[in-house]
Amino acid sequence: EPEVTQTPSHQVTQMGQEVILRCVPISNHLYFYWYRQILGQKVEFLVSFYNNEISEKSEIFDDQFSVERPDGSNFTLKIRSTKLEDSAMYFCASSVSDISGNTIYFGEGSWLTVV
Amino acid sequence: QKEVEQDPGPLSVPEGAIVSLNCTYSNSAFQYFMWYRQYSRKGPELLMYTYSSGNKEDGRFTAQVDKSSKYISLFIRDSQPSDSATYLCAMSVGGTSYGKLTFGQGTILTVHP
Numbered sequence: 001e002p003e004v005t006q007t008p009s010h011q012v013t014q015m016g017q018e019v020i021l022r023c024v025p026i027s028n029h030l031y032f033y034w035y036r037q038i039l040g041q042k043v044e045f046l047v048s049f050y051n052n053e054i055s056e057k058s059e060i061f062d063d064q065f066s067v068e069r070p071d072g073s074n075f076t077l078k079i080r081s082t083k084l085e086d087s088a089m090y091f092c093a094s095s096v097s098d099i100s101g102n103t104i105y106f107g108e109g110s111w112l113t114v115v
Numbered sequence: 001q002k003e004v005e006q007d008p009g010p011l012s013v014p015e016g017a018i019v020s021l022n023c024t025y026s027n028s029a030f031q032y033f034m035w036y037r038q039y040s041r042k043g044p045e046l047l048m049y050t051y052s053s054g055n056k057e058d059g060r061f062t063a064q065v066d067k068s069s070k071y072i073s074l075f076i077r078d079s080q081p082s083d084s085a086t087y088l089c090a091m092s093v094g095g096t097s098y099g100k101l102t103f104g105q106g107t108i109l110t111v112h113p
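Quick mapping for you: the protein sequence lines, in order, are chains A and B.
For the first sequence, our numbering gives the first residue as 1, with consecutive numbering after it.
For the second sequence, our numbering gives the first residue as 1, with consecutive numbering after it.
Careful: at least some of the hints might be erroneous.
What the hints assert, rightly or not - What follows is a set of in silico ranges between Cβ atoms, one per label pair, in the way DEER data are often shown: (1) Val12/A x Ser68/B: 40 to 50 Å; (2) Ala29/B x Asn102/A: 30 to 40 Å; (3) Glu53/A x Pro14/B: 23 to 33 Å; (4) Ser27/A x Gly54/B: 44 to 54 Å; (5) Ile60/A x Lys42/B: 40 to 50 Å; (6) Gln14/A x Ser69/B: 41 to 51 Å.
No wet-lab data here; the hints were simulated from the structure.
Nothing here was measured: the structure is a model prediction, and the numbers come from that model.
For each residue, glycine too, the CB sits at the ideal point set by N, CA and C.
Isolated chain B, as found in the complex:
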């Protein structure tokens, strides 16, 4: 079983739609959960960070973590064409290994006008 699984898509939605992106994981030691956005030929850019279970909201973005199900989600409300990118989930066990991120495959999102 892969440590982190993420549906690569591609996902295509109309502008204004609500987008749901998901990852599952197998390592119960993961404590820190992040979502990165990666534009073509660019480095990953941190969007959201969540510790342990719960929800976190930042503008149009909401991150959810369900540790009991080993499942994390990112919701994008009122999606815009500028949201078109690859979205990567990433996880860390924390402590001295905090910087050792384990990434998902990435989901390619296209928001069309």
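One chain only, chain A, in its complex shape:
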């Protein structure tokens, strides 16, 4: 079964450093998402991306966050200057379209620890 793959699985970074989390969505999918889950808390929507543009973003997704699709296969989340509160599991997800009913597939997550 096709899957969303994410790297790294775990990253430890110093506060203030830049981090890039990488995702390879399912190959025929056109809609891409990032979610995050702080330990013990809900999975939260960060951003959706289509046609090389952000479609929608949450209030969490402030100026320190950015997303990019640098080539035909990767989808990245950059955190410019990490803070302790950015420590979380970050999930990439993708779907074929935004038509309601389409399955949104999640990757296994990248666990980010900011120290």
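Assemble chain B onto chain A, guided by the hints.
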């Protein structure tokens, strides 16, 4: 009031039991309702999807949506130890915001042999 509320449990049942998992929500604009299963250190995996009110059955799983009460349920029949996981409800208003899912806290389920 939280947008989506879900009892985090934990819930522990014997093998073969019927499990009932529930979420309530406050946003009447939600039209699409999903249940995801999440194993430890893994990403959420879609189990069931329902549009608007009604029931949907898939094998041992039944999803129910009552929009008038803003209440959704997932029933698991003949529960198995392999069903032990965290179950997340998720909702969407649909349209161009379909992919913007709002999740519940998740209920930790353990099915013991």
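How the hints compare with the structure:
1. Checked against the hint of 40 to 50 Å, the pair Val12/A and Ser68/B passes, with Cβ atoms roughly 48 Å apart.
2. A C-beta distance of roughly 19 Å is found between Ala29/B and Asn102/A, which places it outside the suggested range of 30 to 40 Å.
3. In this structure, Glu53/A and Pro14/B break the distance hint of 23 to 33 Å, their C-beta atoms being roughly 51 Å apart.
4. One distance hint, 44 to 54 Å for the beta-carbon pair Ser27/A and Gly54/B, is violated here, with the actual separation near 33 Å.
5. The hinted window of 40 to 50 Å between Ile60/A and Lys42/B is violated, with their beta carbons roughly 22 Å apart.
6. Judged by the Cβ atoms, the range 41 to 51 Å given for Gln14/A and Ser69/B holds: they are separated by roughly 49 Å.
In this structure, the earlier hints numbered 2, 3, 4, 5 are contradicted, and the remaining ones agree with it.
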